[in-house]
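Novice: Sequence:
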Amino acid sequence: MHIQLITDGGSDLPPHLIEAYNVKIVPLNIHFGEQQYVSGVDLDIQTFYKKMKEEDELPRSSAPSPYAFYETFKEIDPENPILMLALSKSLSTTHDNAIMGKEMLLEEEPERTIVVLNTKTATSGMSLLIDEAGKCVKNGMEFEPLVAHMEERIEQTTTLFILRTVENLIKGGRLDRFKGAIAKTLNIKLLMKATDEGEIDVAEKVRGNKKAMRRFIEQIGETTTNFENKVISLSYSTTEDKAKKLLQEMKERYAFKDSILMEMGPLCATYAGEGGYVMSFFVD
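Mapping to this note's numbering: the sequence shown position 252 is 252, numbers consecutive.
Any given hint might turn out to be false.
Computed cross-link-like contacts, DSS-like style, restricted to lysine-lysine with a CA-CA straight-line distance of at most 25 Å [claimed, not checked]:
(1) Lys-242 / Lys-50
(2) Lys-53 / Lys-89
(3) Lys-211 / Lys-251
(4) Lys-89 / Lys-50
(5) Lys-53 / Lys-251
(6) Lys-138 / Lys-24
Beta-carbon label-pair distances, calculated as ranges [stated by the list, open to error]:
(7) Gln-156 / Val-115: 36 to 42 Å
(8) Arg-207 / Asn-22: 32 to 38 Å
(9) Val-41 / Lys-193: 30 to 36 Å
(10) Val-38 / Asp-258: 46 to 52 Å
(11) Ala-148 / Glu-228: 22 to 28 Å
Honestly, the hints are just simulated from the structure, not real lab data. Note that this is a predicted model, so its numbers are computed, not measured. Using N, Cα and C, we set each Cβ at its ideal position, and we do this for glycine too.
Please work from the sequences and hints to get the whole structure.
Specialist: As structure tokens, then:
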């Protein structure tokens, strides 16, 4: 028996983790006006940013269809149980569509074992959880204990964001234009977090880039301890070199056991804009 891990395009899973744990990914759909693309299939991230700069309106993302999940689940050997780690239910219908895809297949093949979990996070948080699940599978954990363990880990996941610009939040209707104009004028940076339900909320408003980045890092020590047993996961939009330096600074200040670095996919990058960061780690 081999446990099959599956996730969706909201995870921004880096290639080395995909290979290490043989993870299957069901991609998201990206819409620029009337044009639809499949993220990572016929739209790479560089083209995405280029098109986003050229368009007056922000792109839209949509969840994979239930049938897309059905097809992916069906490809897996029926003897192998499937654990699907889905993008936060509060951000997308991806989780619900995965459930429908599962039910479609179980009608045909009721002996299948498929569990779909709402990660209540995205990007770096999902990659952190998949890394955890992959390690457990490699260490020989059985399926039911794995599901219980990952349900606990989901509740222990903290996801924090920092945005360099509020421009895309204003464009996308996620921030009032008047408040956004004030934020831009006063050089206010938003520190954001994922709530317990997996929604996005403003944690702090900080004036100036340097102070905002300092507070972004300080939040780690204010949120968790016992770093030597933990992994820090960081995703970035467009600024790889700066992201590597930021991650190194985090690891020097807090002695994390390991780290994961990834580039944001279109879902988070749409609202983060250039220079945004999302970090995730487990709390005690």
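Novice: What are the numbers of the hints the structure violates, in ascending order?
Specialist: Per hint list: 2, 4, 5, 7, 8, 10 violated.
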